[in-house]
Amino acid sequence: MTSTRMTVGLVALALACARAGSAQVTAREVLERLDANMTIRTVRMRAELIVHYRGGDDRTMTFESWERGTDQSFLEFTSPARDAGSRFLRQGDAMWIYLPRVGKSVRIQGHMLRQGFMGSDFSYGDASENPSMANDYDAVIERRDTVDGRQVVVLSLTARRPNLSYSRRRTWVDTERWVPLREELFAASGRLLKTMTLSDVRRLADRWYPFRIELDDALQTETTTTFRVLEMRLGVAVPSEVFTLRYLESGR
Amino acid sequence: MSEPHRRLPLLRLAWRNAHRSVRRTALTASAVTVAAAALVFGQAYVRGTLGNMVDTYARTESGHVRVRREGFTTRERSLPTHLSVPGAAALARELSGLPGVRAALPRVRAFALVDGAGANRPGLLLGLDLALERDYWRPQAMVASGRLPLAGRAEVLAGEGIARRLGVGVGDSLTLLVQTAHRSLGGLRLVVTGLGRSGMPFLDNAMLIVPLDQAQGMLDLEGGATELLVYGADAGEADALAGAVRRVVENRISGGAEVRSWREQSQLMRLMASAGAAMGVVWALMLLMAGLVVVNTMLMAVMERTREFGTQAALGMRRGDVVRLVVAEGAVIGALGGAVGAAVGSAVALYLGRVGIDFSGFARAIALPFDPIVYPAWSWADALGSVVLGSAAAGLAALVPGWRAARLQPAEALRT
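In the order they appear, the protein sequences are chains W and A.
FYI, the numbering for the first sequence is 1 to 252, going by this note's numbering.
FYI, the numbering for the second sequence is 1 to 416, going by this note's numbering.
FYI, nobody ran anything at the bench for these hints, they're computed from the structure.
Among the hints, erroneous ones may be present.
[Claimed, not checked] Pairwise CB distance ranges (calculated):
hint, chain 1, residue 1, chain 2, residue 2, range
1, A, Arg-270, W, Arg-212, 47 to 53 Å
2, W, Arg-246, A, Leu-150, 20 to 26 Å
3, W, Pro-100, A, Ser-254, 27 to 33 Å
4, W, Ala-84, A, Glu-237, 48 to 54 Å
5, W, Val-140, A, Ala-275, 53 to 59 Å
6, W, Val-140, A, Gly-171, 20 to 26 Å
7, W, Arg-202, A, Ser-173, 45 to 51 Å
8, A, Leu-132, W, Arg-202, 56 to 62 Å
9, W, Arg-246, A, Ala-144, 50 to 56 Å
[Claimed, not checked] Listed below are the simulated DMTMM-like cross-link pairs for lysine to aspartate or glutamate, each with C-alpha atoms no more than 20 Å apart in a straight line:
hint, chain 1, residue 1, chain 2, residue 2
10, W, Lys-104, W, Glu-76
11, W, Lys-104, W, Glu-241
12, W, Lys-104, A, Asp-172
13, W, Lys-104, W, Glu-249
14, W, Lys-104, A, Glu-155
[To be verified] Covered by chain W, according to a simulated footprint, are these stretches of chain A (three or more residues, beta-carbon under 8 Å):
hint, stretch
15, 101 to 110
16, 184 to 190
On a predicted model such as this, the values are computed, not experimentally measured, just so you know.
Glycine included, every Cβ here is placed at the ideal spot set by N, Cα and C.
Generate the whole structure from the sequences, applying the supplied hints.
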């Protein structure tokens, strides 16, 4: 996945974009294509996160993010004013948060990984986890189907290692653009945890990306969340110091 | 022509007869003693335990009446801070002026993610006006080490359990992350001034008591509170108090308000409060068992006194008088046993009511508001009642032997 596992992974969930491929690939090949497409050298993104509350209220936050490779990302909220300056840093599987009013970075771990990222349906774990779909999941093709008029293959994924956020996934993959269009995420017990719908798929360089993700956390009944990419640039130069705790706390 | 029936001095005769076989009387009375002692102590214990639960629940959770923003309770699992009571201090002052109101206290209750010495844990943030809460939440009684935080300072009293899990102690810092009233991410760094021990593990493993002003600032509540607890003179009058509070609060909180007495807040507590009545069945069974012992020993007494009853019958004593005499004997012995039992039960209840019974082990196993030290609540009514009940139960039980004695034929009885 590109951009920001933190962001579109926020995005990490979505992942997988890909090049064109054959209609008769195996499940394993689908995952490999998704992984190949997710690996981008650098990306800079501006995006918004909209939390929709039961009752009709919305809360919109915008942020900018930088990502280098699959292990480093940095994200800073720019609006609204009360959230501006809140920053997140990811180094591998480790993640830190910095709030200006606290004045200190906090490592996000344990229980906190399951909490909603800035009150959204994405969890901090979603944003920090960086699974390799081909290496971390076994897949079988359940069926072929259509979503919004596009041909998809429905994959059933089972985690190969125990410490992943989701033990099982069901993913609807567009077999022309190799982008997931829908995903269901399950706990080990088989309980449905989250449902994700990906849309507004755009071509960027030689890849296809979902610019809009709708996420519904089944355990968080008060909200649904929309993630929308406003601007995405690939191959931009990102200084190394951005991915440091010093930069996280000072912003420079 | 028969002589008019002369009224027998039943109680005097019964009292005299009770002394004729001290051993048997003592045996009969001892059953009533045990039952009466159990009755007096049991009632004091049950009242103390239920009172403990209701009182602890009212102090720490429900107030006598609780005011919240409409919708808060249905979303209680997430403690939604955006559903707060605005202008809580002014509203509390107004409610304090209601007749019968002893205190109206704004409180803040919110979930927090707590970062300690390299570990994160979920915690329960409790913003309290520490001066006003001395007689209600009683935070001063929970300080196991260190001191309470001070208003106006970024300080926290952390539950011993959560502090241990986070690896922090007095003098260390904690960082709290919370969802603010605007639903954004807020937080604060706090110095741990003390460690708290409530004896309730679900609290000790989560509670973070901070000054009300600090909690309001951290959550962007701007003078609001997540709840306002109103206390009257008597928890039993909470429903009437809720009506008065409702009239004041009505139309004062945009989006509506939830005003509920403690009874309306918890079905479990309602059940607990009415469990005292259910215990009546246990007391009745206890008296029944004592009555059975009385029946046995008095039947023995009647058998031994067959000649005596025969003689009395031959001298013209009526059957009704025989029954009344035996019943009076039972009642007298029951009153004696009841008095001794009431004295023993009262002594135990009064002693334990002063020193308390430590249920810390039990409290660790339950997630209920329950102060681990239970103080039996003795009452005069229980003590006097147990004497009366003991006497009545023994008197009733003596009906059977009395009836047997009354059926004896004088000639037959005299031959035995």
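### Message
Which constraints among the numbered hints does this structure fail? Numbers only, ascending.
### Response
Going through the list in order, the structure violates hints 2, 6, 9 and 15 and respects the others.
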